[in-house]
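Undergrad: All chains, full assembly: derive it from the sequences and hints.
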Amino acid sequence: MTREVIAPPRPGLDFRHHYGHHQSAAIRAGGLIFCSGMLPIDAETGERMHGTLTSEAHVIFKNLKLLLESAGSSLDRLVQVHALIYDSIEYDVLNRVYRQYVANGPPARTVWTAQSEAGFKLQLDVVAAA
Amino acid sequence: MTLPRTVVAPPTPGLDVAISLNQPASAMVRGGPFLFVSGLCAVDPDTGQRLRGTTASETRLILSNLQRMLEAAGSSMQQVVKVNVLLHSMLEAVPMNDVYAKFFPDPPPARTICGARLPDGCKVIIECTALA
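Here the protein sequences line up with chains A and B, keeping their order. Under numbering that gives the first Met the number 0, the residue at position 95 of the first sequence is numbered 94, and the numbers go up by one with no gaps. Under numbering that gives the first Met the number 0, the residue at position 37 of the second sequence is numbered 36, and the numbers go up by one with no gaps.
Honestly, I wouldn't trust all of these hints.
What the hints assert, rightly or not - Residues from chain B that keep clear of chain A, each with C-beta distances beyond 12 angstroms, as calculated:
#, residue
1, T5
2, P44
3, T46
4, Q48
5, R51
6, S56
7, P118
Said to hold, decoys possible - Label-pair distances were calculated between CB atoms; the ranges are:
#, chain 1, residue 1, chain 2, residue 2, range
8, B, T46, A, Q99, 23 to 31 angstroms
9, B, D119, A, T53, 33 to 41 angstroms
10, B, T1, A, N103, 26 to 34 angstroms
11, A, A129, B, L117, 31 to 39 angstroms
12, A, E3, B, T1, 25 to 33 angstroms
13, A, E68, B, A100, 26 to 34 angstroms
14, B, R4, A, V78, 15 to 23 angstroms
Hints in this document: simulated from the structure, not taken from any laboratory. Think of the CB as a built atom: it goes at the ideal place given N, C-alpha and C, for glycine as much as any other residue.
TA: What follows is the structure, given as structure tokens:
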């Protein structure tokens, strides 16, 4: 079995080009798609879109939708999500925005507090069915 | 349908996290088409002794140990699909990335980096999923 590299669907989502990160946008292997940590980056320009946790979540889900759909998957096919938030006080805020994107049978999920790069408030680390 | 689940022994005793880090964990487990590797911190591969250093030196040691482990399990750095990197501070992401880029192929695996409180004074912990 081999792994297949998923190219960034928009120029802004190429983290290697914009930030020198040695990582692919996503890898398809064994019937699953493993995405690199998703951050609130403008999909066209690569600009960092700092904001509230809610506004960052909207940008991240928009980018995640682009990435998964370009790989033949979708938000409905997420199987596991790790949501890294900057402060656990935002847990309810995360849930409110999160629900809008995983309406039907939400994926398995773990939330914890961690630092993300550039002081972002949210990072999503996901696995989807291919 | 039941897929096999196999615990894979590490190539040297120092890389057995159950001994070196006193963790109730296997270093590697094969499940379905994947090989799951426990979070590794910087240890001497022969003795399992913690080797404290800079973020760069700990990253180098962890990835060289990871390479030995994957190859002993019949996998390789080329077959890694996802890596999670935990740093003691996100300020150290660049030195980690510089060392990391020397170990993984081009195109590299998917990766998530975060800053977190790590046990035992570790500066870096790296876990990964590879194709078996």
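Undergrad: Any of the earlier hints contradicted here, and which numbers?
TA: 8
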